[in-house]
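Student: The chain contents come next:
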Amino acid sequence: MEEFKELENLWKQSETKIPPQKTNISKIKNNRMKLKNTYTKGAILLILTGIFILGLMIFLDSNLKTILVVSSMIIISITCFLQAALMLFTANEIAKIDETQTPTSHLKQWQSFRVFQKKQRHWNMPVYYTLLSIALGVYMYELLKNADLWKMILTFAITYSWMLFAYIYLGKKEIKKQDAKLDGIISELKSLENQFQ
Amino acid sequence: MIYDFDQLYEEFSGRIYKLCLSYSGDQLFADDLHQETWIAVWNSLPKFRGESKIGTWIYRIAINTCLVGLKKEKNKDQNSEIILAKLVHEETYDNSKEINRLYECISKLKESERIIITLVLEEKPYEEIAEITGITENNLRVKIHRIKKELQEIYTNYGRI
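First to last, the sequence lines map onto chains B and Z. Letter 179 of the first sequence, counting from 1, is numbered 168 in our numbering, and no numbers are missing. Numbering-wise, our numbering comes out as the position in the second sequence, counting from 1, plus 177.
Source of the hints: derived by calculation from the structure; they are not laboratory data. Do not take every clue at face value.
[Unchecked claim] EDC-like cross-link-like pairs, simulated, lysine to aspartate or glutamate; straight-line CA separation at most 16 angstroms:
no., chain 1, residue 1, chain 2, residue 2
1, Z, Lys230, Z, Asp181
2, B, Lys1, Z, Asp181
3, Z, Lys224, Z, Glu288
4, Z, Lys320, B, Glu182
5, B, Lys107, B, Glu182
6, Z, Lys325, B, Glu4
7, Z, Lys274, B, Glu(-5)
8, Z, Lys326, B, Glu182
9, Z, Lys301, B, Glu163
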């Protein structure tokens, strides 16, 4: 392969402009870390929400502190904390993906994360929204039971419409975006694995 | 053994950038991939246990980063060979036609072949290429022989069609 030597020599001569090293490299995030951070930030927000609701409950007017109101507020907080725990677990699963492995085992790690994510999504969102809807329903009913019926209906209508919108439109839209990203990653890795075989 | 990030960057960044460039066929994308590779190196360096050579380890990160780095939509519709040819003219210090021609010919190979041939051109031993890519050495020898032949043919026939 004498002719190939010529190409090797050419390659050695090629010098490219290397982008300068970023001084704040520790602060920049790559794709996997951005994905992980989405879950971590979501979890932190949920934890803060849960704490805020517990705070509200503590400082609630004593006339409103019925067993139903207190228990529904506790259920909402627990739902927030459980969802946050699940999101932190998912973030940890992403953090565990090791980029220093061979492409094949890197692919396997992404695939098993995808399987985990699909299984989790199957039950997680319906359970989360059901628990939240029931607890909120009880809470609002208790608070508004002495108010005019139309006010109660309006409050319920606005709250549940928003929840439906968040579940059906916003939730699915976000899932679609994340799926496209993950499927893109997996298909690139798969295509290379096929080429390597 | 503890490695200094700055030293590693100085030693490997040129080669890693060439890999990103020959893989992606897009200068902006190569810049992103190069940066993402070094972010991953920065984050994983404390976990490096010396089970492989540091170079092998960095190349693996670079390859995995190249593979998971999603191509920008606009680039999917464009012909990467044309982009690469254009950018290499702009990017290489040495404006030699032959070097540009070589980059252009590499960009006509399949993605996996671009990775393998870049490692071959970097004079990595077969054993190390096998370790980086996870292909068995025997399989790799066959592939390299075929890729070299293919690249040589593309290079020789360049401009004839």
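Student: Each hint should be assessed against the structure and marked as holding or not.
Tutor: Structure-based check of each hint:
no., hint, in the structure
1, Z:Lys230 with Z:Asp181, "holds, 15 angstroms"
2, B:Lys1 with Z:Asp181, "violated, 26 angstroms"
3, Z:Lys224 with Z:Glu288, "violated, 29 angstroms"
4, Z:Lys320 with B:Glu182, "holds, 14 angstroms"
5, B:Lys107 with B:Glu182, "violated, 23 angstroms"
6, Z:Lys325 with B:Glu4, "violated, 21 angstroms"
7, Z:Lys274 with B:Glu(-5), "holds, 14 angstroms"
8, Z:Lys326 with B:Glu182, "violated, 22 angstroms"
9, Z:Lys301 with B:Glu163, "violated, 43 angstroms"
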